[in-house]
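K.L.:
These are the residues of each chain, in order.
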Amino acid sequence: MKTYFLTVAAIAQLIEGKVVAGNGDVQIAQLASIREAMPGSVTFVAKPMYEQYVYTTQASAVIVPKHFEPQQPVSASLIAVEDPYLAFNKLLEKYAALQSLPTCGVEEPSYIGKDVLIGENVYRGAFSYLGDGVHIGHGVQIYPHVYVGAEVVIGDNTIIYSGAKIYPRCNIGQHCIIHAGAVIGSDGFGFIQQQTGGYQKTPHVGDVVLKDNVEIGANTTIDRATIGSTIIDAGTKVDNLVQIAHNVTVGSDTVVAALTGIAGSASIGNNCMLGGQVGIAGHIEVGDRTMVAGQAGVTKSYKEGNTTLMGMPAVERKQFVEQHIFLKQLQKASASN
Amino acid sequence: MKTYFLTVAAIAQLIEGKVVAGNGDVQIAQLASIREAMPGSVTFVAKPMYEQYVYTTQASAVIVPKHFEPQQPVSASLIAVEDPYLAFNKLLEKYAALQSLPTCGVEEPSYIGKDVLIGENVYRGAFSYLGDGVHIGHGVQIYPHVYVGAEVVIGDNTIIYSGAKIYPRCNIGQHCIIHAGAVIGSDGFGFIQQQTGGYQKTPHVGDVVLKDNVEIGANTTIDRATIGSTIIDAGTKVDNLVQIAHNVTVGSDTVVAALTGIAGSASIGNNCMLGGQVGIAGHIEVGDRTMVAGQAGVTKSYKEGNTTLMGMPAVERKQFVEQHIFLKQLQKASASN
Amino acid sequence: MKTYFLTVAAIAQLIEGKVVAGNGDVQIAQLASIREAMPGSVTFVAKPMYEQYVYTTQASAVIVPKHFEPQQPVSASLIAVEDPYLAFNKLLEKYAALQSLPTCGVEEPSYIGKDVLIGENVYRGAFSYLGDGVHIGHGVQIYPHVYVGAEVVIGDNTIIYSGAKIYPRCNIGQHCIIHAGAVIGSDGFGFIQQQTGGYQKTPHVGDVVLKDNVEIGANTTIDRATIGSTIIDAGTKVDNLVQIAHNVTVGSDTVVAALTGIAGSASIGNNCMLGGQVGIAGHIEVGDRTMVAGQAGVTKSYKEGNTTLMGMPAVERKQFVEQHIFLKQLQKASASN
Numbered sequence: 235m236k237t238y239f240l241t242v243a244a245i246a247q248l249i250e251g252k253v254v255a256g257n258g259d260v261q262i263a264q265l266a267s268i269r270e271a272m273p274g275s276v277t278f279v280a281k282p283m284y285e286q287y288v289y290t291t292q293a294s295a296v297i298v299p300k301h302f303e304p305q306q307p308v309s310a311s312l313i314a315v316e317d318p319y320l321a322f323n324k325l326l327e328k329y330a331a332l333q334s335l336p337t338c339g340v341e342e343p344s345y346i347g348k349d350v351l352i353g354e355n356v357y358r359g360a361f362s363y364l365g366d367g368v369h370i371g372h373g374v375q376i377y378p379h380v381y382v383g384a385e386v387v388i389g390d391n392t393i394i395y396s397g398a399k400i401y402p403r404c405n406i407g408q409h410c411i412i413h414a415g416a417v418i419g420s421d422g423f424g425f426i427q428q429q430t431g432g433y434q435k436t437p438h439v440g441d442v443v444l445k446d447n448v449e450i451g452a453n454t455t456i457d458r459a460t461i462g463s464t465i466i467d468a469g470t471k472v473d474n475l476v477q478i479a480h481n482v483t484v485g486s487d488t489v490v491a492a493l494t495g496i497a498g499s500a501s502i503g504n505n506c507m508l509g510g511q512v513g514i515a516g517h518i519e520v521g522d523r524t525m526v527a528g529q530a531g532v533t534k535s536y537k538e539g540n541t542t543l544m545g546m547p548a549v550e551r552k553q554f555v556e557q558h559i560f561l562k563q564l565q566k567a568s569a570s571n
Numbered sequence: 235m236k237t238y239f240l241t242v243a244a245i246a247q248l249i250e251g252k253v254v255a256g257n258g259d260v261q262i263a264q265l266a267s268i269r270e271a272m273p274g275s276v277t278f279v280a281k282p283m284y285e286q287y288v289y290t291t292q293a294s295a296v297i298v299p300k301h302f303e304p305q306q307p308v309s310a311s312l313i314a315v316e317d318p319y320l321a322f323n324k325l326l327e328k329y330a331a332l333q334s335l336p337t338c339g340v341e342e343p344s345y346i347g348k349d350v351l352i353g354e355n356v357y358r359g360a361f362s363y364l365g366d367g368v369h370i371g372h373g374v375q376i377y378p379h380v381y382v383g384a385e386v387v388i389g390d391n392t393i394i395y396s397g398a399k400i401y402p403r404c405n406i407g408q409h410c411i412i413h414a415g416a417v418i419g420s421d422g423f424g425f426i427q428q429q430t431g432g433y434q435k436t437p438h439v440g441d442v443v444l445k446d447n448v449e450i451g452a453n454t455t456i457d458r459a460t461i462g463s464t465i466i467d468a469g470t471k472v473d474n475l476v477q478i479a480h481n482v483t484v485g486s487d488t489v490v491a492a493l494t495g496i497a498g499s500a501s502i503g504n505n506c507m508l509g510g511q512v513g514i515a516g517h518i519e520v521g522d523r524t525m526v527a528g529q530a531g532v533t534k535s536y537k538e539g540n541t542t543l544m545g546m547p548a549v550e551r552k553q554f555v556e557q558h559i560f561l562k563q564l565q566k567a568s569a570s571n
Numbered sequence: 235m236k237t238y239f240l241t242v243a244a245i246a247q248l249i250e251g252k253v254v255a256g257n258g259d260v261q262i263a264q265l266a267s268i269r270e271a272m273p274g275s276v277t278f279v280a281k282p283m284y285e286q287y288v289y290t291t292q293a294s295a296v297i298v299p300k301h302f303e304p305q306q307p308v309s310a311s312l313i314a315v316e317d318p319y320l321a322f323n324k325l326l327e328k329y330a331a332l333q334s335l336p337t338c339g340v341e342e343p344s345y346i347g348k349d350v351l352i353g354e355n356v357y358r359g360a361f362s363y364l365g366d367g368v369h370i371g372h373g374v375q376i377y378p379h380v381y382v383g384a385e386v387v388i389g390d391n392t393i394i395y396s397g398a399k400i401y402p403r404c405n406i407g408q409h410c411i412i413h414a415g416a417v418i419g420s421d422g423f424g425f426i427q428q429q430t431g432g433y434q435k436t437p438h439v440g441d442v443v444l445k446d447n448v449e450i451g452a453n454t455t456i457d458r459a460t461i462g463s464t465i466i467d468a469g470t471k472v473d474n475l476v477q478i479a480h481n482v483t484v485g486s487d488t489v490v491a492a493l494t495g496i497a498g499s500a501s502i503g504n505n506c507m508l509g510g511q512v513g514i515a516g517h518i519e520v521g522d523r524t525m526v527a528g529q530a531g532v533t534k535s536y537k538e539g540n541t542t543l544m545g546m547p548a549v550e551r552k553q554f555v556e557q558h559i560f561l562k563q564l565q566k567a568s569a570s571n
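Line order of the protein sequences matches chains D, E and C. Counting in the numbering used here, the first sequence runs from 235 upward without gaps. Counting in the numbering used here, the second sequence runs from 235 upward without gaps. Counting in the numbering used here, the third sequence runs from 235 upward without gaps.
Hints may be right or wrong, so weigh each one.
No distinction is drawn between identical chains; accordingly, a pair holds when it is met within one copy or between any pair of copies.
To be verified - Here are the simulated DSS-like cross-link-like pairs (lysine-lysine), alpha carbons at most 25 Å apart as the crow flies:
{"hint": "1", "residue 1": "Lys537", "residue 2": "Lys348"}
{"hint": "2", "residue 1": "Lys252", "residue 2": "Lys300"}
{"hint": "3", "residue 1": "Lys300", "residue 2": "Lys281"}
{"hint": "4", "residue 1": "Lys562", "residue 2": "Lys552"}
{"hint": "5", "residue 1": "Lys328", "residue 2": "Lys435"}
{"hint": "6", "residue 1": "Lys281", "residue 2": "Lys566"}
{"hint": "7", "residue 1": "Lys252", "residue 2": "Lys537"}
{"hint": "8", "residue 1": "Lys435", "residue 2": "Lys324"}
In case anyone wonders, no lab produced these hints; they're calculated from the structure. A quick note: this is a predicted structure, and the numbers were derived from the prediction, not measured.
Given these sequences and hints, build the entire structure.
P.N.:
In structure tokens, the structure reads:
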């Protein structure tokens, strides 16, 4: 792996900071957390509780808040900035860009069907598959083993990692990221119970629509709608191993943590946060700015939003805490009798 | 995407219905739900509570029950049938068939091992892999990036979507559907704890058997048996991201919702319904016609079946409801003191 | 499928046992459990409760403990050993080795980037992908459709099954097994909430390190660290569909069952056992030899370890049982009033 060097002074310039202590000529090759940092690395302190580590870290440079005044001798160079957290994130972005592979060109063998349109500066990895009538925007990256079914449309600058599968006729926005193994557009889980016993499959002729800036985690599955669309709105981030069923709509800038399941035709609002392993029942509506605690099971609608839900069946936080305290007191009272 | 037109009269004929109001010559190009329907689409009303939308829908045609008599003026053409839900499902099937890709032929490059037998009218997508000694029935569809390990047998008319992986020597029935990314036949999670610490792997020389008409969801995993078979019986439907462990047997016409886990050697009966995120402990037996509510954890056998289980640890519905009501009353009584 | 025959006497020799009843020349072709065994198969009895089946099994041979003395006539040949369970496991290993495919050579087409180093006796399946600068040890098996990103290092004798995806710069130890569809090294789920609404992605420039003898289940996902490494220590076994988030560390010889989620920066000790569908909150620490019951949600640290956690929020087993008993008694008392 190649190593990239920048001086402390160059880093300061990059993050619009100022070298306030130590040597600006020191060479930096790595980023690290303050407790694991080795010589040659730059780290940061954002919260007062971590300031103690500035005096003991082995890092060669530390990004500190503007107001920071050392109370003890410091061996590292110090770079002062407005917001060390955002500044370090900027460095991470820079570092990630240096690390990343050439993201253009075609590796062979790859497969292209008929009537495929492909924009400029596109990467298509070996063993990638574009079905008939697919449209690929500019700057799109399609990693090895990706399957793009017929008539799928993919917006500009979207990245699809290895082995993600997109069924026919789905619609992916711009600046989306789809991680390895994610499945977009599989059939919804719909069957009609037969009078003779057994099940008849409901055909799913709808699709999945991901709006712009959506990120989908590894091995997450999103089913296509029976008719119409399963929709993930702009800016929403979905973690790994999440199940989103047919005809679900998830609003914009909502965050869904791993192993959560959203059942068919449920509707989640904007700016919600769903914890890990949450279950959302089918056909219910969860309003904007709802927080759902990990492992909670939401079995009825909370349309008004602006609340926190906990437990199974989920109730509002206040009620959940009351129940909890009540039971504890009861048990304590009983024990002291 | 091509558009297909049918007249209202042609649709009526297709679903054995009768045009009882409006114009039979109107052209229909889409299927839609009654509230989202646009001009040019056909929709349906199955339940009385949705009949109100007949008067306001923008659909050009509505499929209604035979007994339906409009109480207000209706702009859409009406098609009367015995069962609108089943009739609409039939239309969906017709539409799905029109949409679907040519399902025959071979895309290259693809890989075939030695001694492979392949039936007629088979589709093999690019980058699909058939190991040595594989048998493929007639009318089978193998999408791109599918892996079929050595000596696997796949019955007639089964569909295996992109990137599904079938380990060696498993047996897939006829008319099965395996969705993208599903893994059939991985090793069971079995280890022998060593006296010296650490674990020795138990070899898994058994297999997985899917009987006819089984559907397996996207990214679902089914482990092979230690010895013998992990068995999914005929007509059973498994949703996305479900884990079925080694030596499990699931009966016929059972439905398993997403993110459910069934631990090793458990046995699930016929005609059961397991909700989402359910856990079934290892080595237990759940009888026929058992319903398990979402997120329930079944920790002991319910062999007699014909019951509904809820909660963690799961108990029968009656007991669960009693506990719930009891706690609520207790809390209310305490609050009013 | 080929059939392999061994005599009862040969099997006895293989497992360091002694034929103490019946004919040592009988031919054995299969391994089976004692209740499902057919003629021509060998089975075993390890626990006294199963000894009754020795008299009724159809197996041609039964492996029994040294001390076993038949109380009734037995038709099967008997092989006496110190530990029948371990002896049978040895037979399973032998049988698995006979079954397994040739594990050497290259199937085409496959893809190799620049500056790739490959050891001896390696298998590379069709459509496998090795990115630039990858290092592959001796005896490694890379199945079809595997993606190995740039600069990944894979130790000797590791097996990577079909469709597993390893993102760039991750580090896989020796004697590891990674099952089909597993994803190693996807981006952590980290975003910075913007003052203007919406989220900015945190770049993840760290990696994933699997030490030696680690097994990862099918479709499991392990995210790369923001900086530094997500680490799975030696001998640890992870089941199917498990989510391990960025910067998690899991100790050695720990077992994690299916559908469990471990949130970002959590730390799990050595020799722990996590049941199925367990949730571990972010940034907490679970000490060595902790057992976590299925579906439990661990929301705070238990650093001292050596305990069993149950429920949501998880508490120590003693406390969980007390709560449970207390509620039952309360309900009973109330019902009898």
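K.L.:
With reference to the structure, classify each hint as holding or not holding.
P.N.:
Structure-based check of each hint:
no.: 1; hint: Lys537 with Lys348; in the structure: neither (46 Å within a copy, 55 Å between copies)
no.: 2; hint: Lys252 with Lys300; in the structure: within (9 Å within a copy, 78 Å between copies)
no.: 3; hint: Lys300 with Lys281; in the structure: within (12 Å within a copy, 65 Å between copies)
no.: 4; hint: Lys562 with Lys552; in the structure: both (15 Å within a copy, 15 Å between copies)
no.: 5; hint: Lys328 with Lys435; in the structure: between (50 Å within a copy, 13 Å between copies)
no.: 6; hint: Lys281 with Lys566; in the structure: neither (38 Å within a copy, 44 Å between copies)
no.: 7; hint: Lys252 with Lys537; in the structure: neither (49 Å within a copy, 40 Å between copies)
no.: 8; hint: Lys435 with Lys324; in the structure: between (50 Å within a copy, 10 Å between copies)
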